[in-house]
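**Student:** Protein chains in written order, with numbering that gives the first Met the number 0: chain Z, 0 to 432; chain G, 0 to 310.
Just so you know, the hints here were simulated from the structure itself, not pulled from any lab data. One should not assume that every hint holds.
Said to hold, decoys possible - To give an idea of the chain Z side of the interface with chain G (calculated C-beta under 10 Å), a few residues:
1) Ser84
2) Ala89
3) Asn107
4) Gly111
5) Gly226
6) Thr230
7) Gln336
8) Thr337
9) Tyr339
10) Lys368
11) Val371
12) Gly406
13) Lys410
14) Gln415
15) Thr426
For each residue, glycine too, the CB sits at the ideal point set by N, CA and C.
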Amino acid sequence: MLFRTRRLAAVSVAVTAATALVAGCTSGSASTSGASGDTLTLWTHNAGNSVELDVVKKIIKDFNGSQDKYKVKLQAFPQSDYNNSVVAAASARKLPCLLDVDGPNVANWAWGGYLDPIDVSGSEVPVLSQLASTVGRYNDKLYAFGFYDVSLAYFARKSVLNANGVRVPTMDKPWTKDEFNAALAKLKKSGKFEYPLEMGTGGTGEWWSYAYSPQLQSFGGDLIDRGDYKTASGTLDGENAVEWATWFHSLVAKDYMAKKSGADPNKDFLAGKSAIQWDGSWNAAKNAEKLGDDLAIIPPVDFGNGPKIGGASWQWGMSSTCSNKAGAQAWLKFSRQTKYFVDYAKATSTIPATDAAAQQIADYQPGGKFDVLVQFARKYAMVRPATPAYPYISTEFEKASKDILAGADPKDALGQAAKSIDNNLKTNNYYSN
Amino acid sequence: MPTMFAARERLRPVRRARTTNARRRESFTAFGMATPAVVLLIVFLVVPVALAFTLAFTDARLVSPTPARFVGLRNFTLLFQDPTFYKSLRNTAYFAAVVVPLQAGLALVLALLVNAKVRGVNFFRTVYFLPVVTSMVVVSLLWTFLYREDGLVNHVLSTLTLGHVQGPDWLGDPATAMPAIILMSVWQGVGFHMIIWLAGLQTIPAELYEAADLDGATRWHRFLHVTWPGLRATRTFVLVTITIAALSLFTQIRVMTQGGPLDSTTTVVYQAVHSGYDQQQTAYAAAVSLIFFVLVLSVSLVQRFLTREKD
Numbered sequence: 000m001l002f003r004t005r006r007l008a009a010v011s012v013a014v015t016a017a018t019a020l021v022a023g024c025t026s027g028s029a030s031t032s033g034a035s036g037d038t039l040t041l042w043t044h045n046a047g048n049s050v051e052l053d054v055v056k057k058i059i060k061d062f063n064g065s066q067d068k069y070k071v072k073l074q075a076f077p078q079s080d081y082n083n084s085v086v087a088a089a090s091a092r093k094l095p096c097l098l099d100v101d102g103p104n105v106a107n108w109a110w111g112g113y114l115d116p117i118d119v120s121g122s123e124v125p126v127l128s129q130l131a132s133t134v135g136r137y138n139d140k141l142y143a144f145g146f147y148d149v150s151l152a153y154f155a156r157k158s159v160l161n162a163n164g165v166r167v168p169t170m171d172k173p174w175t176k177d178e179f180n181a182a183l184a185k186l187k188k189s190g191k192f193e194y195p196l197e198m199g200t201g202g203t204g205e206w207w208s209y210a211y212s213p214q215l216q217s218f219g220g221d222l223i224d225r226g227d228y229k230t231a232s233g234t235l236d237g238e239n240a241v242e243w244a245t246w247f248h249s250l251v252a253k254d255y256m257a258k259k260s261g262a263d264p265n266k267d268f269l270a271g272k273s274a275i276q277w278d279g280s281w282n283a284a285k286n287a288e289k290l291g292d293d294l295a296i297i298p299p300v301d302f303g304n305g306p307k308i309g310g311a312s313w314q315w316g317m318s319s320t321c322s323n324k325a326g327a328q329a330w331l332k333f334s335r336q337t338k339y340f341v342d343y344a345k346a347t348s349t350i351p352a353t354d355a356a357a358q359q360i361a362d363y364q365p366g367g368k369f370d371v372l373v374q375f376a377r378k379y380a381m382v383r384p385a386t387p388a389y390p391y392i393s394t395e396f397e398k399a400s401k402d403i404l405a406g407a408d409p410k411d412a413l414g415q416a417a418k419s420i421d422n423n424l425k426t427n428n429y430y431s432n
Numbered sequence: 000m001p002t003m004f005a006a007r008e009r010l011r012p013v014r015r016a017r018t019t020n021a022r023r024r025e026s027f028t029a030f031g032m033a034t035p036a037v038v039l040l041i042v043f044l045v046v047p048v049a050l051a052f053t054l055a056f057t058d059a060r061l062v063s064p065t066p067a068r069f070v071g072l073r074n075f076t077l078l079f080q081d082p083t084f085y086k087s088l089r090n091t092a093y094f095a096a097v098v099v100p101l102q103a104g105l106a107l108v109l110a111l112l113v114n115a116k117v118r119g120v121n122f123f124r125t126v127y128f129l130p131v132v133t134s135m136v137v138v139s140l141l142w143t144f145l146y147r148e149d150g151l152v153n154h155v156l157s158t159l160t161l162g163h164v165q166g167p168d169w170l171g172d173p174a175t176a177m178p179a180i181i182l183m184s185v186w187q188g189v190g191f192h193m194i195i196w197l198a199g200l201q202t203i204p205a206e207l208y209e210a211a212d213l214d215g216a217t218r219w220h221r222f223l224h225v226t227w228p229g230l231r232a233t234r235t236f237v238l239v240t241i242t243i244a245a246l247s248l249f250t251q252i253r254v255m256t257q258g259g260p261l262d263s264t265t266t267v268v269y270q271a272v273h274s275g276y277d278q279q280q281t282a283y284a285a286a287v288s289l290i291f292f293v294l295v296l297s298v299s300l301v302q303r304f305l306t307r308e309k310d
């Protein structure tokens, strides 16, 4: 009797706990969150980046002061935890009303029902005046917009290139594949550099897709067939892609580039360990400060299909469960003022999303020191595939690229990645809900 | 649920002597005391495990607009077609097969050394135990630097051999990445099992050694006939704990190599976490976990059978 009671009690505790848990996972689909009355919660990934966070704070302060109806409350997360926090909050139906999202994730979050389409018509800065890569669209609907973008470029010392008889390319005449290979051969032969090219191969995560998939695209390949986003086979492992992979591996095989670069590639470049660095525009200011006029900001190499860089950085959107959508839209509209575009770009040394903002920043205005970066972003930027499968595609591309550098057969490595991506698309019913 | 069993054992002899009321009160107390542990175990162990087993047969995703649907054995079919999965299994087995004997043996040698009654022995105990109390993430980060091609390990090698040996990029070469991780893991974990062995050594009565001395036994005979049989229970414990820890190799891989180069260090748990979080394939990760559970369970059962009391 005693034992039976006890067992019964134990079982009922278990059942209650399990029911509560399962219920927590499935119920509440109609509930809303993110605001209590007219006080809206806003999440950002900027906790570790005080200069950018200060701009967010400033906009919030201005917005709260500009009217009496709505109040926006800030909550900042460290970048490394941000995405996980959002996913956890979404499962618990506790998303904030306003949140920022990394560009390539917009499609995934929109498809997953985290984000709602936004309408910011009538704000000071029209969406159409923005760099295309700073606008987050999915299924032809606007889900997010950013205040800035970043760009990729080769950085080098003019003196080093000249001394080794390497032409300093321009946007009118970028390096070709053969010219680039010849330049690397010359720099290697000079004996001054163990590895003349630095492309940050020690990095992990999104850097691989961001930095190297534009090179793949310049070769004529891509991560996925962008016609209908239903297959990667033939695109990611096609002839052009294999050609890219073979070239990519040759950089390591010929000792032009380290298989795994050091902890701080930019520091190594500035210290003169490498001659040419493939890096983001976020280091442009630091490089210019250190090298002055000797710094060459070089457009991406044209591997046959035109120079390419990746587009899209952090953007702002509204959650689908927001209980005060009017307030959220009001904040989004309010934030779209040229002065804030200027503030963001200045604070983060990034490329302002509009021309009007660029004109107010000395270095980025036409003819300015970093005007070329704006041009790169405008002419060469290709957004990462706007499909909900992107996070999966990106991890597969990262793995394949690492394997290729480590010596895997280019065709096999890309073929396996393409097969995995196709499997993923198929088992997810092509992400059509 | 050891608490409950212990309570049950204690209850048995007194039940006959006491009145029903007192008995009920006592069992109530026992139940009350067991409740926190039982609830925690259920919420954080039983329910997640049950959920994982259920999820393995669905198409659950980390980010998804639709609720999970039952898809039968699809995840397992995909899993058994995945070449990375077999590499993960092989690497996990390799790691365990080397680490279990190496770490247990080395820990025993260290324990015998620091069990000596000489001055300063506490200093050595502390030194050997230091890596254990350091976070594995920190240790892995540090060793990543040590193992670089221009890192400390290669500098030491080069100096010791007067420049004749130029070490490889330890973590960047498929041939050396796993051995390098094994070496570091043993270094980090050996102190813990040294303490366990030490505890076992100190339960062996000193009289047995005295008797052995009187019989004129050599050091080796003393170890073989007194120490080794005396460590029976400790041995089983060390074996089982190292095996389970070795099979669940993850942190080092996540920090140091992310499974590369060329899948030479990917493991079952790493694959589960990678597909579950980085790739958002919750159900697939649950299937990997289910296989892992079965694997660990069978290994533990075999070990349990082999180390059972034979009489």
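**Student:** All the hints need checking, so say for each whether the structure fits it.
**Tutor:** So, going through the hints one by one against the coordinates:
1. Ser84: violated, 13 Å
2. Ala89: holds, 7 Å
3. Asn107: Since chain G brings a Cβ to about 6 Å from Asn107 (chain Z), closer than 10 Å, the hint holds.
4. Gly111: holds, 4 Å
5. Gly226: violated, 23 Å
6. Thr230: This hint is violated: Thr230 (chain Z) lies away from chain G, its Cβ roughly 17 Å from the closest one there, beyond 10 Å.
7. Gln336: violated, 32 Å
8. Thr337: The hint is violated - Thr337 (chain Z) has no Cβ within 10 Å of chain G, the shortest such distance being about 34 Å.
9. Tyr339: violated, 30 Å
10. Lys368: Violated - the Cβ of Lys368 (chain Z) stays beyond 10 Å from chain G, reaching only about 35 Å at its closest.
11. Val371: Interface hint status for Val371 (chain Z): violated (34 Å vs cutoff 10 Å).
12. Gly406: Hint on Gly406 (chain Z): holds, closest Cβ of chain G at ~7 Å, below 10 Å.
13. Lys410: violated, 15 Å
14. Gln415: holds, 7 Å
15. Thr426: holds, 7 Å
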